[in-house]
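**Student:** Chain residues, written in single-letter form:
Protein chains: 2
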Amino acid sequence: MGKTESGSNRLYENQLLTFSDYANLYQKELLDNVLPFWLRFSKDEKHGGYYTALSREGCVYDSDKFMWLQGREVWCFSYMYNHVEQKPEWLELARHGAAFMLANGRDAAGNWYFSLTAEGKPLVQPYNIFSDCFAAMGFASLDKADPGKGYGQVAIDTFKNILERKDNWKGVYNKNYPGTRSLKSFSLPMILCNLSLEMEHLLGKEKVNELVPEVIHEVMDRFYRPELGIILENIQENGELSDTFEGRLVNPGHGIEAMWFIMDLGKRFNNQALIEKAVEITLAILEYGWDTEYGGIFYFLDRKGYPPLQLEWDQKLWWVHVEALVALSKGFAFTRDPRCMQWFEKVHNYTWKHFRDPAYGEWFGYLNRRGEVLLNLKGGKWKGAFHVPRALYQVWSTFSALDKAST
Amino acid sequence: MGKTESGSNRLYENQLLTFSDYANLYQKELLDNVLPFWLRFSKDEKHGGYYTALSREGCVYDSDKFMWLQGREVWCFSYMYNHVEQKPEWLELARHGAAFMLANGRDAAGNWYFSLTAEGKPLVQPYNIFSDCFAAMGFASLDKADPGKGYGQVAIDTFKNILERKDNWKGVYNKNYPGTRSLKSFSLPMILCNLSLEMEHLLGKEKVNELVPEVIHEVMDRFYRPELGIILENIQENGELSDTFEGRLVNPGHGIEAMWFIMDLGKRFNNQALIEKAVEITLAILEYGWDTEYGGIFYFLDRKGYPPLQLEWDQKLWWVHVEALVALSKGFAFTRDPRCMQWFEKVHNYTWKHFRDPAYGEWFGYLNRRGEVLLNLKGGKWKGAFHVPRALYQVWSTFSALDKAST
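From first to last, the protein sequence lines stand for chains A and B. Here my numbering is used: the first residue of the first sequence is 1, the next is one more, and so on. Here my numbering is used: the first residue of the second sequence is 1, the next is one more, and so on.
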């Protein structure tokens, strides 16, 4: 840590906490307040799987099973088992969700449904390929924790299916008239950046080497627009901008999350220039998406400053902020750029003040523009055991490594 | 006007404005500030049809043509031609939109697309039957203004198609797995209440007499829940409540709007008890949906008080408030219930203060919970020349009739 004052374990004099303070804070929050919340409240003992619609206190207020979140919770607890500690109750909870998914989650073609009833009956069809992405991620992680039980094959089959469906994944549920306006969405290449690494033990190094460069190219050379300094959610098939509601849409959190996936790929491919580019983009998106009036990062913006379709555009969402913390901590660790640490502290202060719930564990998900709690749920259709624990782990491990490097 | 003070043209002493003051205010706003905005800014001279994505000042910020709003603007200007004054420019603007719709709006089966490009190419498929509802409404109204030109037949054909599709209108775009959870939605019976009367000159009195009682029954005996005092957006096929996100959803504005359709049907069927029931429900929904902290009517609520899926739940939307003004003015005119007038003044004060734009005409559409402008558009994907002008006309004509009755 050449740039830190000798012995202080800080980057600069007015840095609020030392790296080890941050590491301890994120570790403690993960282990004491977040994982226990899901362990205690989300398991459906009767039907299997997880409840995710949990109130502030952890009560189940809706019993539907959303497949994004089933797959993500399998991932979360097997990941923690793999990376933090081999706690039997974590592995057991991951297996519990996987069993429910295996018994009920797929249609005859192997596509994962979007949602099921509490009992496991299919409720909403597999119109959404991200159910498959998070299933693959969950089963791949569980295979690491508990190899030889067939979980890996489920992940591989699902991944193959994603690649087959990837250019027309909405299939019959696509409401766009063919040929009039074909836009490409950022979501899938972005998730493939992360999923490829999550599945490398199953896909093999060569397959990852073969797959990933094109995905990086999509993200960094097509959806990232140097002329605007930001990442767009939708572009034309030919790579040009689209001056439409979809084509003007900016989701700052999405771009920032993708940048830490890219930083991880930069490490994996030993490409420091890629990491540095991802750091620059992270900082540019933060400048662009930060609400200078009330603090926090906007959920949606229009690149031309027009009114976006999303009425929730000015809200502050948990995942946007915790993913920014991951990107900034990694960005700092990988480049030692002091702007990353300055931004980290700014986002950290906002996030811990507004999203954390000191009373009941886990974090709030949805704040209004002013940072007031808009919905006091801890989980729902879109929020489960995923972004908060993953980010807490990532920041903890990143600062912990920094702390070791500096002493 | 037995209950008013003689000669005062007020219901009660502290009533802010006389009925004729209100009539004049709503008339003037309609004729001076709202219709001129759409006349001036919405017409697409090049491709035909209307632009509806208009900024605060009236600039076009997006050129897509959404069929709900094309049909509604045809309706608006032909309705004003039929009811206010036979202004040639109003009829011409209505015909202008109808020509674009006829040339581009339908697929081979006669279903109306959801949206088109500015040039008229189909963009989003006919997954949404409300495009058809507003097309039928527009063409029926234009047929009154300009009979014998075939507009009436388009309305009739569209209406027949709506009735054929009504039990499975999402068709191939339905993402629900068949049989697991079949819910009925309030939207279609609600709109049919209004559409039947709008089309009576084409359908004939007998057809309306035959169709409407079942629709009233759906609204008043199935979606209205006396045990809760409110109207729900979705119920089970068998009429029971559904304890799901969809089944707990309350949209106060939707229920209130439906109640003035029911009041009109009460007049049409000479059923004063139905009118009185609709007035009671209007008042109950207002009590339920009113934001006692910041004023205004919430957009969405959950009947059990759980977090709704809609992140925009606490926002204040223009159509909710102007439809409440119509329901309350009609409720008062039809029953002389003083609670209607008290609520009218409360909603009037909120609405005129927060939604009206004194600088550029038309009204803002989207406010945050505090009543601050959230999106400063005058039109977009969902807001066009419809709710504001219709409501201004309805309140004007209702108070104008009251004023005449009281002098």
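Do not take every clue at face value.
Identical copies carry no separate label here, and so any pair may be met within one copy or between two of them.
Derived lysine-lysine pairs resembling DSS-like cross-links, with alpha carbons at most 27 Å apart [to be verified]:
#1 K28 - K121
#2 K160 - K175
#3 K381 - K207
#4 K121 - K207
#5 K121 - K184
#6 K304 - K121
#7 K175 - K304
#8 K346 - K149
#9 K381 - K184
#10 K184 - K170
#11 K166 - K28
#12 K121 - K175
#13 K267 - K160
#14 K304 - K43
#15 K144 - K346
#16 K353 - K87
#17 K381 - K175
#18 K170 - K144
#19 K346 - K207
#20 K277 - K353
#21 K404 - K87
#22 K304 - K46
Bear in mind the hints are in silico, worked out from the structure with no lab data behind them.
**Student:** Determine for every hint whether it applies to the structure shown.
**Tutor:** Each hint, compared with the structure:
In this assembly of identical chains, K28 and K121 lie within 27 Å of each other by CA distance neither inside one copy nor across copies; the values are 38 Å within and 57 Å between. Within a single copy, K160 and K175 get their C-alpha atoms as close as 25 Å, and across copies as close as 23 Å, so both meet the 27 Å cut-off. Proximity of K381 to K207 under the C-alpha cut-off of 27 Å is found in neither arrangement, the shortest distances being 33 Å within a copy and 44 Å between copies. Taking the closest pair of Cα atoms, K121 and K207 never come within 27 Å of each other, the shortest separation being 35 Å inside a single copy and 42 Å across copies.
Proximity of K121 to K184 under the C-alpha cut-off of 27 Å is restricted to the inter-copy arrangement: shortest distance 19 Å between copies versus 32 Å within a copy. When the C-alpha separation of K304 and K121 is checked against a cutoff of 27 Å, the pair qualifies only between copies, where the shortest distance is 24 Å, while the shortest distance within a copy is 44 Å. In this homomeric assembly, K175 and K304 come within 27 Å of each other (Cα to Cα) only inside a single copy, at 26 Å, whereas the closest approach across copies is 33 Å. In the homo-oligomer, the alpha carbons of K346 and K149 never lie at most 27 Å apart, since the shortest distance is 45 Å inside one protomer and 66 Å across protomers.
For the homomeric pair K381 and K184, the shortest alpha-carbon distances inside one copy (25 Å) and between copies (21 Å) are both at most 27 Å. For the identical chains of this complex, K184 and K170 are neighbours both inside a copy (12 Å) and across copies (25 Å), given an alpha-carbon limit of 27 Å. For the identical chains of this complex, K166 and K28 are neighbours neither inside a copy (39 Å) nor across copies (55 Å), given an alpha-carbon limit of 27 Å. Both within a single protomer and between protomers do K121 and K175 lie at most 27 Å apart by alpha-carbon distance, with minima of 25 Å and 14 Å respectively.
In the homo-oligomer, the alpha carbons of K267 and K160 lie at most 27 Å apart inside one protomer (25 Å), although the nearest pairing across protomers, at 62 Å, exceeds that limit. When the C-alpha separation of K304 and K43 is checked against a cutoff of 27 Å, the pair qualifies only between copies, where the shortest distance is 23 Å, while the shortest distance within a copy is 45 Å. When the C-alpha separation of K144 and K346 is checked against a cutoff of 27 Å, the pair qualifies neither within a copy, at 36 Å, nor between copies, at 63 Å. In this assembly of identical chains, the alpha carbons of K353 and K87 never lie at most 27 Å apart, being 30 Å within a copy and 59 Å across copies at closest.
For the homomeric pair K381 and K175, the shortest alpha-carbon distances inside one copy (23 Å) and between copies (16 Å) are both at most 27 Å. Taking the closest pair of Cα atoms, K170 and K144 never come within 27 Å of each other, the shortest separation being 30 Å inside a single copy and 42 Å across copies. Proximity of K346 to K207 under the C-alpha cut-off of 27 Å is found in neither arrangement, the shortest distances being 39 Å within a copy and 66 Å between copies. Within a single copy, K277 and K353 get their C-alpha atoms no closer than 30 Å, and across copies no closer than 49 Å, so neither meets the 27 Å cut-off.
Taking the shortest Cα distances, K404 and K87 sit within 27 Å of each other inside one copy (25 Å), while across copies they are farther apart (80 Å). Taking the shortest alpha-carbon separations for K304 and K46, only the inter-copy value of 24 Å comes in at or below 27 Å, while the best intra-copy value is 51 Å.
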